[in-house]
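Sequence order for the protein chains is A and B. When we follow the UniProt record's numbering, the leftmost residue of the first sequence carries the number 1, and every step to the right adds one. When we follow the UniProt record's numbering, the leftmost residue of the second sequence carries the number 1, and every step to the right adds one.
Keep in mind the hints are simulated off the structure, nothing from the lab. Treat each hint with caution, since some may be false.
Simulated pairs of lysine to aspartate or glutamate, DMTMM-like, Cα-Cα distance not exceeding 20 Å [stated by the list, open to error]:
hint : chain 1 : residue 1 : chain 2 : residue 2
1    : B       : K149      : A       : D265
2    : B       : K149      : A       : D259
3    : B       : K93       : A       : E163
4    : B       : K120      : A       : E163
5    : B       : K149      : A       : D158
6    : B       : K172      : A       : E163
7    : B       : K172      : B       : E135
8    : B       : K147      : A       : D265
9    : B       : K228      : B       : E178
Partner residues are not named here, just some residues of chain B that face chain A (Cβ under 8 Å, in silico) [stated by the list, open to error]:
hint : residue
10   : A69
11   : S102
12   : H108
13   : G118
14   : K169
15   : T191
This one's a predicted model, so the numbers in the text were calculated from it and none came from an experiment. Quick reminder that beta carbons are idealized off the backbone N, C-alpha and C, glycines included.
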Amino acid sequence: MQGQLSRFNIVALVLGFSFLYLPIVLLVIYSFNESRLVTVWGGFSTRWYSSLFSNRLLLDAAWVTARVAFVSATVATVLGTLAALALTRYTRFRGRFLFSGMVFAPLVMPEVITGLSLLLLFVAIGLDRGFLTIVLAHITFSMCFVAVVVQSRLISFDRSLEEAAMDLGATPFRTFIHVTLPVIMPAVVSGWMLAFTLSLDDLVIASFASGPGATTLPMRIYSQVRLGVTPEINAVCTLLIAVVTVGVLAAAIVNKRRDIQRQRDEQVAQRG
Amino acid sequence: MKSLGSIRRSFAPWNDPQARPYISFQNVTKRFADFTAVNNLSLDIYEREFFALLGASGCGKSTLLRMLAGFETPTSGRILLDGQDLSGIPPYKRPVNMMFQSYALFPHMTVEANIAFGLKQDGMPKAAIAERVAEMLKLARLEQFAKRKPHQLSGGQRQRVALARSVAKRPKVLLLDEPLGALDKKLREATQFELMDLQQDLGLTFVVVTHDQEEAMTMADRIAIMDKGQVMQVATPAEIYEAPASRFVADFVGSVNLLEGKVASRTGNSVVISGGSGAQISVENAGEAAPGAEVAFAIRPEKIRVSSKPPAEGHLNAMQGEVWDLAYLGDMTVYHIKLDDGQVVKASALNSARISDDPLTWSDRAWISFAPDAGVVLTR
Chain A
1 MQGQLSRFNI
11 VALVLGFSFL
21 YLPIVLLVIY
31 SFNESRLVTV
41 WGGFSTRWYS
51 SLFSNRLLLD
61 AAWVTARVAF
71 VSATVATVLG
81 TLAALALTRY
91 TRFRGRFLFS
101 GMVFAPLVMP
111 EVITGLSLLL
121 LFVAIGLDRG
131 FLTIVLAHIT
141 FSMCFVAVVV
151 QSRLISFDRS
161 LEEAAMDLGA
171 TPFRTFIHVT
181 LPVIMPAVVS
191 GWMLAFTLSL
201 DDLVIASFAS
211 GPGATTLPMR
221 IYSQVRLGVT
231 PEINAVCTLL
241 IAVVTVGVLA
251 AAIVNKRRDI
261 QRQRDEQVAQ
271 RG
Chain B
1 MKSLGSIRRS
11 FAPWNDPQAR
21 PYISFQNVTK
31 RFADFTAVNN
41 LSLDIYEREF
51 FALLGASGCG
61 KSTLLRMLAG
71 FETPTSGRIL
81 LDGQDLSGIP
91 PYKRPVNMMF
101 QSYALFPHMT
111 VEANIAFGLK
121 QDGMPKAAIA
131 ERVAEMLKLA
141 RLEQFAKRKP
151 HQLSGGQRQR
161 VALARSVAKR
171 PKVLLLDEPL
181 GALDKKLREA
191 TQFELMDLQQ
201 DLGLTFVVVT
211 HDQEEAMTMA
221 DRIAIMDKGQ
231 VMQVATPAEI
241 YEAPASRFVA
251 DFVGSVNLLE
261 GKVASRTGNS
271 VVISGGSGAQ
281 ISVENAGEAA
291 PGAEVAFAIR
301 PEKIRVSSKP
311 PAEGHLNAMQ
321 GEVWDLAYLG
331 DMTVYHIKLD
341 DGQVVKASAL
351 NSARISDDPL
361 TWSDRAWISF
371 APDAGVVLTR
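This is chain B alone, in the form it adopts within the complex:
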């Protein structure tokens, strides 16, 4: 049996110019009275993709999902599903199903009846319904709860009923609105992997809305970072983290140091950035930064080395400062180093040894250093 990883590794239709997008938002705008929820947004999602819409509340991600489900109509623009324009098609005729944030389980029906509801609407024969419901109950490990009502279930069980109900009709696309939002942390982590397995097993396209970046990073093939009704970047989790396209994305996902400066010189693909106080940073992979441009150098805390002694000769990027603050988190230690020019830089070090031979504490002088390819240059 092929492992999930090997299937995943070879799955990248978005890099294939021949591949046809399965869901396509084309210049979609949605305005509510005087508020623009989605602003001229275009986005392609491919078949069998696990796609995450990530953003703070009010960024328009839920509106996007609701437009796909048919609960909202775009003010302008088109949404295509498998080449078909969805405009004018009511929710009950769309081949997509949604799992609601509140689960929206019908309180007056048993678990069984909840799962069978969608199948009944399709006029499926009774025997076939019973068979499918049994299959779904097994899939969601709910066999013993079939006759219970929603209020007789725990949060995790309700979540599984909602999921079973939404996949029972074998939709082409499953929409998930904050699917794990109401679960506690432990359950959430376990359920993330269950969702990924389910998506692989059923071969469905998943579009999930979430504000939890860890959740999006764990589950999704690609993530769209949204802000103010627009997509800021669409990329794989690794690309989003290691090569954010803008200051907003870099800052939104994970922890980051943004060192502002001007491009002093450029040779080939490398640039030298000079900061406000004259400190120089040498960077490879400069992207499109032209000499003289105002840029930010984005570097993740774990890519910065902290030591009490100056780094060995030949290190391009090394700066001195003092330990301003530190937090011991067990598996790692986070340092806030106040550089001599006044900037505070976050750096984290993995505590791979139980007792460090180079302990740093508050107010110690410290050196930070990083490799030329440890961060990215952002022009936006």
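Looking at chain A on its own, in the form it has when it is part of the complex:
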């Protein structure tokens, strides 16, 4: 029985996966639709992809999104890593519990509230809404995700590595740069990727924080959809899915290869 799929399991599997992927598959198929009508199949065509690349609005929005995501992910990674360090290392300072709660609260905070409060803040301090405010807003909500990812790595971090570095004469700063950071690097990188993706697909907070001249891709798509779904939108979404899929697959393959290499090395070491 073990390892064999019963009929019930197969049904559950099919249902589960179709629930997850049917909408996406439909979207991808209809992006190759010749017809202008989204729900009517008019034959295979790639015309929406070529028309996409002459749509300045969409391209501009994509460019804004990429820049926002890059800058905000980078800053959020630095801040989130520092927060994670402080929370795991200085376990005995006053108000630590409150502080750690406050860092992680945005994880569960409804986006509408985060967006609205940021909007109020920007208005109150008289900051012109645009590229900068979107970046700031994205840093705010994505740094706590980075902090969570990095913190989970730091908890299992062998502190004696840092002690060894200091014992060998490295100052705390050099210890961090040459020992701690390289060891936690994979977690920092995945924190960055998480922050990047979050920023990429955020609609709600960006709508609150943005102003004229700074429209992100999700905002552009959403506003176009309100005027009616065009196959062009399907094409954009398909491209987005492709980019994300390639990224995830690449990361998975690299990881898998490293694991295999590592196992092989260890076996060799044990024999020799």
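Position chain B against the provided structure of chain A, taking the given hints into account.
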């Protein structure tokens, strides 16, 4: 060339009142929240000594080592190194290096880079670093592994990298936290002697923390037995074994029989101890035991003779009992003799003949006997 033994035999700075201690713990106490790890401890360690801190886990030995390295600060008291007070000096400025129990090799660096790490921190010129690293690789027999990462090494190789890295800077003192704990038995025995040779060759002071008494006995010039944050006894391995200072030390190191009793009489340096059931034991080297004192007579199993016949006339200490249990271990046999007063005494006999002409087996009547100087009287 002088043998190791002859150097060792003449090395005893702790008996020289002129000698200045190299490392000195002075009334050191370390408290963690509500736990006292080290309790008002004073201890002197001399230059070029191979010193072992021996104790069960939680006795404070590792905390002591970590305070010397600078990872913990004493709650009170002082630690001196070569006359200099170490308080307030961060770990990266102390002339001591430590070999960690987990080895703490930097996983993202090659063997070479691991060994060079400490030298780089000192701003040593590149050529000098390369030379020293090559020397260390040779010393640790790691030349062919220079470009490997730690996860590509076996346990024994990792241990040697950790050791090479910790001596690369030529520290004044090398601290070793359970240096052989992660190795299997065979490798551990071979490495013990390597460590001793290394210590002699480099002329360093070694302070090693261990819970393995055999390891401490093999390697150390002197051993400090620790319990509950205090030093119970500091002495050479032979002294610890043959003349333990207290019941705790006698019981902690090796196997021992502790026969409780009262001092019945004392003449000069000899005493007669009477046990609970009236059995009398005559002992020389009574130490400070005064008549009437509650004492324990500590005697090692191998110092007790077991025979099926009563010992020859004139034997002061002889008792009768029956063989309660016995274990044949090949090189020797361990007997548990239940004396007529109910006490069980452990005795071991070397099997020097292949077939004994006086075989004893379960439930046989047996005599035990021992010389008056075979054990020690313990008042504590």
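Evaluated hints:
no., hint, result
1, K149/B <-> D265/A, "holds (9 Å)"
2, K149/B <-> D259/A, "holds (15 Å)"
3, K93/B <-> E163/A, "holds (13 Å)"
4, K120/B <-> E163/A, "holds (16 Å)"
5, K149/B <-> D158/A, "holds (17 Å)"
6, K172/B <-> E163/A, "holds (18 Å)"
7, K172/B <-> E135/B, "holds (18 Å)"
8, K147/B <-> D265/A, "holds (13 Å)"
9, K228/B <-> E178/B, "holds (19 Å)"
10, A69, "holds (6 Å)"
11, S102, "holds (5 Å)"
12, H108, "holds (5 Å)"
13, G118, "holds (3 Å)"
14, K169, "holds (7 Å)"
15, T191, "violated (18 Å)"
Going down the numbered hints, you'll see the structure goes against just number 15.
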